[in-house]
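Student: Residue-level listing of the chains:
Number of protein chains: 2
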Amino acid sequence: MSLIVQKYGGSSMASIERIQHVARRVARTQAAGHKVVVVVSAMAGETDRLLSLSGKISSKPRDREIDVLLATGEQVSIALLALALGEIGVEARSLLGHQVKIVTDNVHGSARIHTIDASPVHECLDRGEVVVVAGFQGVDHEGNITTLGRGGSDLSAVAMAAAVKADACEIYSDVDGIYTTDPNMYAKATKIERISCEEMLELASLGAKVLQARSVEFALKYGVAICCKSTFDDGEGSWVLPDGPGGSMASLEGAVVTGIAADRQAARISVTRIPDRAGAAAELFEPLGREAINVDVIVQTAPQDGHCDLSFTVPKASAKQAQQLLEGLRSELGFAEVRVDDCVAKVSIVGAGMRSQSGVALRCFRALGQAGVNLQLISTSEIKISVVVDERFAEVAVRVLHDAFELDKPQGERKGLHD
Amino acid sequence: MSLIVQKYGGSSMASIERIQHVARRVARTQAAGHKVVVVVSAMAGETDRLLSLSGKISSKPRDREIDVLLATGEQVSIALLALALGEIGVEARSLLGHQVKIVTDNVHGSARIHTIDASPVHECLDRGEVVVVAGFQGVDHEGNITTLGRGGSDLSAVAMAAAVKADACEIYSDVDGIYTTDPNMYAKATKIERISCEEMLELASLGAKVLQARSVEFALKYGVAICCKSTFDDGEGSWVLPDGPGGSMASLEGAVVTGIAADRQAARISVTRIPDRAGAAAELFEPLGREAINVDVIVQTAPQDGHCDLSFTVPKASAKQAQQLLEGLRSELGFAEVRVDDCVAKVSIVGAGMRSQSGVALRCFRALGQAGVNLQLISTSEIKISVVVDERFAEVAVRVLHDAFELDKPQGERKGLHD
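So the protein sequences, as listed, match chains C and Z.
Add 23 to a position in the first sequence, counting from 1, and you land on the number used in our numbering.
Add 23 to a position in the second sequence, counting from 1, and you land on the number used in our numbering.
There could be a bad hint or two in this list.
Identical chains blur together in the list; that is why a pair holds if it fits in one copy or across any two.
Pairs of lysine to aspartate or glutamate, DMTMM-like flavour, derived with a Cα cap of 20 Å [said to hold, decoys possible]: (1) LYS79 with GLU114; (2) LYS232 with GLU110; (3) LYS232 with ASP256; (4) LYS339 with GLU114.
Just so you know, these hints were derived from the structure itself, not from any lab.
Values in this document were obtained by computation on a predicted structure and should not be read as measured data.
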């Protein structure tokens, strides 16, 4: 007998018929001999409906009372699902954030979970009940309702799985798993069987529709095994696994690259001929950090004549603002100019196997070179290689890399680097 | 400075515009120097919307999960009203049933309030905040959400007023008070300035749209002064007052009759020639009680030849069932027959002043007699005289009684019985 946490998102709860469908899935899991905790989101569209009500009154995006309002969405869902389970003979009990209880900090609209009291859940499970928990919500230390931000129900589910020491946390949505790359970009994309949490974090964009990034961080920290599945079919889904000691990912050692992400919403900024002195880079990035502009793929050239060039990417939407902020520093820092190219894309290959295998970069650059893709910037980490290319070559880059690392084959059947 | 509890019903909260209107009323009350606790219902139509969702899943009318579902209606209301108050510069804080906390028994769908912890409310009031409390809901001793039944927000408000020792409990609706009789029946009906809780209970039908009967019982028990007002004008409203020692109603001694109610949904049942022995009446009413049929205006004739007749009224909708139940007892009890007349009406005059004044019945019967209204049954209590008449004469009876007791005049200006 396993203890399984299942999370169903808004599209899975979009109508009475779908809620009844979810109830049957839950019943089947219980009938297979498992204990089940279900975490649900608000019915699709409900959160937006509530926000449009509050929007007519107040322009505040975050407020104690907005959280009181939004928390009703999940409350409706848990009641309806518990009723639907009761109708098909499954004893079920709904629990709200304050009943569980999921204690958070008091940052309304994006609260962080501090603790979960698993005992009310275990009491219900021990009575043979299915427990239906409201996602997205908690209470602060004074008992005020808080919410965890968009996609927060994933986090609720993973945190609940950690608290009750579940054997798995199944995240259901209308997508049947995580793919090696965006299938809209390359039709040969295949479903990933298993991926580590660290890889998943690097490939957040591939799982964006499936799994909220904060919940993956949480799973990594607390050792929760996540399985992303479709509510609407019985496929195997994709496992997102924490690296444990001994390695639950051990069997995947052969796989070098797990997935490829392309970010076309990037712009490249180059600052040229910066007088080479200690602290110059910090002074450049300080105003960008203050404005919360996300800087990525930073490359600095080796100094020549006491000067160096610095290039990096920012989100395309922030490029203009970043340029203005940097221009403001020119007289102080004495650099030559700030150049912006917002027709670039960032393509990243990610794989935990890179840690122990050399030659990944070589195969990557060779494949791109043979396809005539010019690399503007390169940045590498232990498990990721990112290249910045002309936006027009983004799709080509994804395809040749997908082929080069045989991502269309099942994970176990791919050739090693030196085979 | 007074402490005032204000309750706004669903029609007062029916739209964003109306919620903003309510916020301005609340702000005005606070600006006049009062501490304010607001109790609100769900937005009009919301409870029905939620019930239609659950109705598609389950036919259960009462269930733990139905209460979880319905409680969201008031939660939406308190959040929106607190936001609307914030927008016009009034510090406000919403509190749910479990936060207040309103502890009830565990009878889902019609829970009874056990205790209210007034301290969270006082803490907010002492900080200068308006407190916005969700009506209709509570928690049982195990922390499960309960609801108080239709109209339960009135009860929440009165109970809250008792708990925080409020100076008054103002109940706002789209009706501007309680009338001496139904204005649709007699256009001379006037708004009652003050009425005692006991009178109000006897005249429940006159206040049915304005004030839930259970909340009047509660006000009587805990000495809460209620004022029924319109959300949409600035009229004085009607006071519903508990009889305290010394009598908050003392100034109304001159008024003999306070209001007149007509119930056209009654049927008269007569059981004839019942052998006169102890316990016969109990045996007749036993099956009606078991089926929860409400029996009223019971009149038994003095026995003759060892037999008596017994007549009473039941709700018209229960007449057929009552007749069948009684027929089943005929051989056992040996009565002659069961007659049903469902074309009757019950007209009641109510007034606390009757207790100390004789001659009320005389004036009542004389007025009806002069108008040619034949009395089928008469029943009196300390503060009420009910007569059962042919349904066609109900309106005439109401009008002549209204005139006879000068209910069209202000309460202080009516002649006494012996003037």
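Student: Now, for every hint given, state plainly whether the structure supports it.
Tutor: Now for the hints, and whether the structure bears them out:
1. Taking CA atoms no more than 20 Å apart as the test, LYS79 paired with GLU114 passes between copies only; the shortest distance there is 19 Å, against 40 Å inside one copy.
2. For the identical chains of this complex, LYS232 and GLU110 are neighbours neither inside a copy (32 Å) nor across copies (35 Å), given an alpha-carbon limit of 20 Å.
3. Taking the shortest Cα distances, LYS232 and ASP256 sit within 20 Å of each other inside one copy (17 Å), while across copies they are farther apart (51 Å).
4. Taking identical chains as interchangeable, the C-alpha atoms of LYS339 and GLU114 are never at most 20 Å apart, the minima being 51 Å within one chain and 41 Å between chains.
This entry does not satisfy hints 2, 4, going by the numbered hints stated previously.
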